[in-house]
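*Asks:* Listed below, chain by chain, are the residues.
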Amino acid sequence: MTAKVVTIASGKGGVGKTTSVANIAVALASRGQKVTCIDGDIGLRNLDVILGLENRIVYDLVDVIEGRCRLRQAMIRDKRLPELYLIPAAQTRDKTSVSPSDMVRLCDELGQEVDWIIIDSPAGIERGFKNAIAAANRVVVMTNPEVSAVRDADRVIGLLDAEEKGPAALVINRLDPVMVKRGDMLSVEDVLDLLAVELIGIIPEDENVIVASNRGQPLALDGKSKAGLAFQNIARRLMGEQVPFMDLESQNLFQRLLGRK
Amino acid sequence: MDTTPSLIQIKGIRDGLLITLGGATWPELALAFVKNVDERSSFFKGARVALDVGVNELRVAELSALRDQLSERGITLWAVLSESPITETTAQNLGLATRLSKPHPIDVREAALELPEDAAKWVKGPLRSGGRVIFEGNVVVMGDVNPGAEIVAGGSVIVWGRLRGVVHAGAQGDEKAVVCALELAPTQLRIAGEIAVSPKKQGKSQPEVACLKDGQLVAEPWQEMTGR
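Here the protein sequences line up with chains A and B, keeping their order.
Numbering-wise (the numbering used here), the first sequence opens with residue 1 and increments by one.
Numbering-wise (the numbering used here), the second sequence opens with residue 262 and increments by one.
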């Protein structure tokens, strides 16, 4: 068995890569898939915090690569989902501690044991990004409906094509249908018009995401939130299902009737 | 048996080291080179390397693998010289230089003279942010040119798609050069020595042609051009 290796990248920082890695991994694991996520952001690790596994780190990615521990020892098992693991990044090292071929070797070994490897790429297009995409057989590019984020996503998609890692799949994060309607935010169509790649997810703006991240309780476990549902849908699309996109507008009307924001 | 010296030649140049590889198949050459680097790691550490691979046809996987192996050893691969157009394209795709230094202005003019007037470079789009096309003749792009992309042409530029990046036509002074696109909305447009930005447009876009008229950059709808 060889795992599907999915890397999440964006170019620009702060668009929600790490949160999405956590939630997509949780969503896949909640569907009975065996999933390992790898934090590729060496020196600035966050994925462990969002997954709520920070206090259980003993070994990290660099320890595995430099042979100080076995792969199994660095895989932290999630308490909620028995088939979800995290390989955390080293906090006290930097991007040059890992090379693209290290990542390929690691994923080859890990791929024998799991169905999915989800890699969190750091922002930027340098060494950390190259490491993160080296082993990927699918790359998901994240963007926000903002001109600067879309510009960086375009650059990353171009780089992926050049490295023959394309075509990339796109996820648009933090879409606010009310702002789009007012004409104050790029619409899904505007973004797709420029990037011209396959769209596999639209995540609505949802303040619960921040609450969930702070608590280390990924939202995808919560069946009621819109953003959580959007992550579940992305997981299903990655698994090859045809899932229609949520109608965000009508949900918004429903929310307004309930008197919420 | 040590055969490496015949396969690898190393020369110091202004921009770092020039390594010439030849006389064997690519896997052997790449292996021999990496072995050579490992044996003399203190010499190579931190080096900027240009590779002359001769006639070897290299694909992205081969070249990016070598680039990554070198970068793991603290060596920056910045240029790949080759007689094979396939290798040149690969190197350009990976953002590597394919010449040792910027062509001397006189060389460019000579090259322009050698090119037939109707020579054009065909570019399959979309040309994305960070993408760059430089050509002495005309340039034709099949697809969009996104913001952050750049085209520099000695002659005219035709974009069968939306033009939103930066375009310089007639870069060597040709004032007859034109730029046309299905949707002409460049970040910045230059023809010869003139420079302009797109006005904010309202309503439906239409194919347009930009050219120099009495030293002014003007854009006109395509229909009006048909009489020319």
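Treat the hints loosely; a few may be bogus.
[What the hints assert, rightly or not] Pair by pair, the computed Cβ-Cβ distance ranges are:
(1) A:137 with B:276: 34 to 40 Å
(2) B:322 with A:148: 30 to 36 Å
(3) A:92 with B:393: 47 to 53 Å
(4) B:286 with A:192: 43 to 49 Å
[Stated by the list, open to error] If you want the footprint, here are the derived chain A segments under chain B, 3+ residues with CB under 8 Å:
(5) 99-111
(6) 132-141
(7) 149-157
Hints in this document: simulated from the structure, not taken from any laboratory.
These numbers come from a predicted model, not from an experiment.
Built from N, CA and C at the ideal position, the CB exists for glycine as well.
*Asks:* Hints first: check each against the structure and report whether it holds.
*Replies:* Outcome of the hint check:
Separation of residue 137 of chain A from residue 276 of chain B is about 36 Å and conforms to the stated range, judged on CB atoms against 34 to 40 Å. Our hint of 30 to 36 Å for residue 322 of chain B and residue 148 of chain A holds, since their Cβ atoms are close to 32 Å apart. Separated by about 38 Å at the C-beta atoms, residue 92 of chain A and residue 393 of chain B break the suggested range of 47 to 53 Å. About 44 Å separates the C-beta atoms of residue 286 of chain B and residue 192 of chain A, a value consistent with the hinted range of 43 to 49 Å.
Coverage of the region 99-111 of chain A by chain B holds. Counting CB-CB distances below 8 Å, 3 residues qualify, and the rule asks for three or more. Counting residues of the region 132-141 of chain A whose beta carbon lies closer than 8 Å to any beta carbon of chain B gives 1, which falls short of the minimum of three for the stated coverage. With 5 residues having a beta carbon nearer than 8 Å to a beta carbon of chain B, the region 149-157 of chain A meets the requirement of three or more and the stated coverage holds.
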